[in-house]
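A.B. asks: Residues per chain are reported as follows:
Protein chains: 2
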Amino acid sequence: MSTERKDEATEVQIKNTAKRLFFGEGKFNATTQEIADAAGVNRTLINYYFRSRDKLFDLVFKDAQEYEQKRTESIMFSELPFKAKIEEFIDESFLMAKEYPYMELYMVTQFNQGCYFKDEEGMDRMLKKFYEEFEVAMEEGLILKMEPIQFIINMISLISFPVAMRPLFQKTMHLDDKEYERILTDRKQIIMDTLFCK
Amino acid sequence: MSTERKDEATEVQIKNTAKRLFFGEGKFNATTQEIADAAGVNRTLINYYFRSRDKLFDLVFKDAQEYEQKRTESIMFSELPFKAKIEEFIDESFLMAKEYPYMELYMVTQFNQGCYFKDEEGMDRMLKKFYEEFEVAMEEGLILKMEPIQFIINMISLISFPVAMRPLFQKTMHLDDKEYERILTDRKQIIMDTLFCK
DNA sequence: ATCATATTTGACAAATTTGTTAAACAAAAA
DNA sequence: TTTTTGTTTAACAAATTTGTCAAATATGAT
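For the protein sequence lines, the chains are E and Z, in the order given.
Under UniProt numbering, the first sequence has 111 at position 111, and the numbering climbs by one with no breaks.
Under UniProt numbering, the second sequence has 172 at position 172, and the numbering climbs by one with no breaks.
Honestly, I wouldn't trust all of these hints.
Since copy identity is lost for identical chains, a pair holds within one copy or between any two.
What the hints assert, rightly or not - Below, simulated BS3-like cross-link-like pairs (lysine-lysine); rule was C-alpha separation at most 27 Å, straight line:
| id | residue 1 | residue 2 |
| --- | --- | --- |
| 1 | K145 | K178 |
| 2 | K85 | K128 |
| 3 | K27 | K118 |
| 4 | K15 | K70 |
| 5 | K145 | K171 |
| 6 | K27 | K171 |
| 7 | K129 | K171 |
| 8 | K129 | K70 |
| 9 | K15 | K62 |
| 10 | K145 | K83 |
| 11 | K178 | K128 |
| 12 | K171 | K118 |
| 13 | K128 | K188 |
| 14 | K19 | K118 |
| 15 | K62 | K27 |
| 16 | K171 | K55 |
| 17 | K19 | K62 |
| 18 | K62 | K171 |
| 19 | K83 | K188 |
| 20 | K145 | K188 |
| 21 | K70 | K55 |
| 22 | K98 | K83 |
| 23 | K145 | K85 |
| 24 | K171 | K85 |
| 25 | K178 | K118 |
| 26 | K178 | K129 |
| 27 | K171 | K128 |
| 28 | K171 | K70 |
| 29 | K129 | K62 |
Because the hints were derived from the structure by calculation, they are not lab data.
Put together the whole structure using the sequences plus the hints.
C.D. replies: Following this line, the structure appears as structure tokens:
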């Protein structure tokens, strides 16, 4: 029996390539052949390392979910004041979106096709914490009076949508890559001004 | 040569079913067989009426695009004051989203796979008009000072995202259908409060 | 060097999906 | 009725995609 692998470069290579294709280039329907070609390996290796195409998909999806949740948790449970947390979250989100612009979209389409949620408990803990801090911020007059859920929806929407919808926006508004990057950079302040009263 | 058809019920039936599957249920990868089954017709009829699967897809996509643009145009070129136009737009969007929750998402994924835009000219005219009215509203202090493009992004994001992301949100936040409907209803006022200063 | 194990490859089989064709069927026109 | 036109079906062919298997190759340990 072998518990260790001498060279798992290929396995990692395949997984990363799949990640890049899905999240980086939006090729949600990439075939095993396309993935193998892009990774520069034989197609059969995908079956060898991951048993099936679906298994590979699930794995990439799970990893992404975990990563995103950890990232968010580390911000939300930090010692930063509420408003700074949101700023941090925006920064992180845009950074992520720069490398993997289609990730959010992929997550949604996966959920649409009946996908379960991984660490539900962790998410609940985080939401609870958020709700508490949100109440305080609202009392302080930092935020317009509203249900916390509405604030969350506002926040996620303002951050994620322009990233997920980028190709649509760019084409509709005739914006080149450089111009859109600038707009996204400017957005951090815009979002903060939109979310907070003062 | 035949310019008229005695009974185009089947053709319409297929098109509507495809529309429902794509936009209503989010089955973006539905096969011709699935579409035919859902429509209760023989699969070959899809080829008979639309020549190929792709042609059917293109047609449904084009129709949806046209419809959405017409809808928006009729509001934007109406005699309503700026703020009322936005309200109208929100109402229309939510109504649309109720029947076809996955439409926005579908549009984006189509654009991601390199799709052209239909009536570019019409869109440009509309944007120009919007920019003009936006400038006025900003001068009047109705809106925080920002680039019009940022306002548009804010608006579309706040409206469309919670609709497109509904399955994700609902599962994450443990909300049943009724509760989410209520949240969407409440959102109109929230969005207006978020977009406008007074 | 030999052996055992891990990795990679090519060839093949199976499944899925799409598109074509010829024939059956229905309905209106001649 | 016969003909014509339009519609629907079943059977087939082609293409695509996935998964399996045995053989080939590499790599490290003995």
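A.B. asks: Compare the structure with each hint and give your call.
C.D. replies: So, going through the hints one by one against the coordinates:
1. K145 - K178: This pair counts as between: shortest inter-copy Cα distance 23 Å, intra-copy 37 Å.
2. K85 - K128: within (15 Å within a copy, 37 Å between copies)
3. K27 - K118: both (23 Å within a copy, 23 Å between copies)
4. K15 - K70: within (20 Å within a copy, 44 Å between copies)
5. K145 - K171: Result: close only across copies, 25 Å inter versus 36 Å intra.
6. K27 - K171: For K27 and K171, the Cα distance is within 27 Å both inside one copy (18 Å) and across copies (25 Å).
7. K129 - K171: Cα proximity of K129 and K171: across copies only (18 Å, versus 39 Å in one copy).
8. K129 - K70: within (15 Å within a copy, 44 Å between copies)
9. K15 - K62: Cα proximity of K15 and K62: one copy only (12 Å, versus 36 Å across).
10. K145 - K83: Close inside one copy (16 Å) and across copies (21 Å); limit 27 Å.
11. K178 - K128: between (39 Å within a copy, 22 Å between copies)
12. K171 - K118: Intra 35 Å, inter 11 Å, cutoff 27 Å: inter-copy only.
13. K128 - K188: both (25 Å within a copy, 25 Å between copies)
14. K19 - K118: Intra 18 Å, inter 31 Å, cutoff 27 Å: intra-copy only.
15. K62 - K27: both (18 Å within a copy, 21 Å between copies)
16. K171 - K55: between (35 Å within a copy, 22 Å between copies)
17. K19 - K62: within (11 Å within a copy, 31 Å between copies)
18. K62 - K171: between (32 Å within a copy, 16 Å between copies)
19. K83 - K188: For K83 and K188, both the intra-copy (12 Å) and inter-copy (25 Å) Cα distances are at most 27 Å.
20. K145 - K188: So K145 and K188 pass the 27 Å test inside a copy (22 Å) and across (15 Å) alike.
21. K70 - K55: within (22 Å within a copy, 43 Å between copies)
22. K98 - K83: within (23 Å within a copy, 34 Å between copies)
23. K145 - K85: Close inside one copy (19 Å) and across copies (25 Å); limit 27 Å.
24. K171 - K85: between (33 Å within a copy, 24 Å between copies)
25. K178 - K118: between (36 Å within a copy, 24 Å between copies)
26. K178 - K129: Answer is between: at 25 Å across copies they meet the 27 Å cutoff, but 38 Å inside does not.
27. K171 - K128: between (39 Å within a copy, 15 Å between copies)
28. K171 - K70: So K171 and K70 pass the 27 Å test across copies only (18 Å; inside, 34 Å).
29. K129 - K62: Close inside one copy (24 Å), not across copies (45 Å); limit 27 Å.
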